[in-house]
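Visitor: Going down the list, the protein sequences come from chains P and G. Counting from 3, one number per residue, gives the positions in the first sequence under the working numbering. Counting from 3, one number per residue, gives the positions in the second sequence under the working numbering.
Derived by calculation from the structure, the hints in this document are not laboratory data. We put the beta carbon where it would ideally sit given N, CA and C, even for glycine. Worth double-checking, as some hints may not be accurate.
For the chain P half of the interface with chain G, some residues (derived, Cβ under 10 Å), not all of them [claimed, not checked]:
#	residue
1	L13
2	D54
3	V59
4	M67
5	T108
There are 2 protein chains.
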Amino acid sequence: MKLSTRGQYALHAMIFLAKKQAYGPQSLKTIAEDGLPEQYLEQLLGALRRADLVSSVRGAAGGYMISKPLSEITVAQILESTEGPVSLSDCVDGDMSCSKGSDCETRMLWRYLTDNINSLMQGINLSDIIENKPYQSRGVNAS
Amino acid sequence: MKLSTRGQYALHAMIFLAKKQAYGPQSLKTIAEDGLPEQYLEQLLGALRRADLVSSVRGAAGGYMISKPLSEITVAQILESTEGPVSLSDCVDGDMSCSKGSDCETRMLWRYLTDNINSLMQGINLSDIIENKPYQSRGVNAS
DNA sequence: TGATTCCCGATTGATTCAATCGGGATTGAA
DNA sequence: TTCAATCCCGATTGAATCAATCGGGAATCA
Chain P
3 MKLSTRGQYA LHAMIFLAKK QAYGPQSLKT IAEDGLPEQY LEQLLGALRR
53 ADLVSSVRGA AGGYMISKPL SEITVAQILE STEGPVSLSD CVDGDMSCSK
103 GSDCETRMLW RYLTDNINSL MQGINLSDII ENKPYQSRGV NAS
Chain G
3 MKLSTRGQYA LHAMIFLAKK QAYGPQSLKT IAEDGLPEQY LEQLLGALRR
53 ADLVSSVRGA AGGYMISKPL SEITVAQILE STEGPVSLSD CVDGDMSCSK
103 GSDCETRMLW RYLTDNINSL MQGINLSDII ENKPYQSRGV NAS
């Protein structure tokens, strides 16, 4: 179970933007400066913008910036907007492609794990990250 | 973030075997009976056997069976043996492909998330699942 | 007007995934 | 001894996904 580079790059970019909040919009070129492929990153920032996590300014001296308080942007939001929903198995989302009933053991397990992973990621926001807070166990709980 | 079918099929098969423990080895054909592709499942059972989670008996009337007490087989073991280690980002395992130092913010975050997800999965064993115990929050903790 | 930037769909090449294939080895029963 | 049932296992295939690039367009500012 692994994230794709999308989520990793996106988080990287968001941390970068969070730190530069005071200096106006940051161009793609600047954000990509430490090695991320620029045009690829562009796709990701598009996704982050559509998720309302960043806003953008066009034209010369334009760029991207964080669109709301850092404490309101969670790791879950960043990853979901670029990687799609965290959902270990399709059968967790009600679409019922499998033949078994809605209470089959595996489904309950996937749901439990998925919920907990989501809580974990919702429990950490950008502000926590850049302030280097040691993360606390929070929101992780039983079904 | 999604599991592949490997982990899903493997868990399914393990639950099946757990329930049939009293009835001797179960053949691939039997295990695959409710729709899993038989030859694909064969690969997975090979992996589970190499991880010592099941043992096999060849020849007519042969098959697979759980190889140790149900309470000693965790979801983490099942998924790892078929999907590889749960590790959200390569940079978590010390191999240092990235240029940044060992304490970069994203690395610490991936490590935190990875550790917690692993604890979560180590905290549930086959016995819990087939006895339909409501899972408790356990082992999930801070960095 | 032109440079700088974001915007965005299409395309490419590599990798991974899901599954099948084709044969082999082992065992128990007839 | 033969045969059917079963596990064993590496190789192959086709499709999907991933990572990245391409090629143009639109907005903004000097």
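Visitor: Please check whether P:T108 passes as an interface residue: C-beta within 10 Å of a C-beta belonging to chain G.
Guide: 6 Å, holds
Visitor: Hold the hint about P:V59 up to the distance rule: shortest CB distance to chain G must be less than 10 Å.
Guide: Check failed: Cβ of P:V59 comes no nearer than 26 Å to chain G, outside 10 Å.
Visitor: P:M67 was flagged as interface toward chain G. Is the shortest Cβ-Cβ separation under 10 Å?
Guide: Nearest chain G Cβ about 19 Å off; hint violated.
Visitor: The hint names P:D54 as touching chain G; please verify it with the least Cβ-Cβ distance against 10 Å.
Guide: P:D54 check fails; min Cβ-Cβ to chain G is 21 Å, beyond 10 Å.
Visitor: Just to be careful: measuring from the Cβ of P:L13 to every Cβ in chain G, is the smallest value less than 10 Å?
Guide: 6 Å, holds
Of the hints listed earlier, those the structure fails to meet are numbers 2, 3, 4, in rising order.
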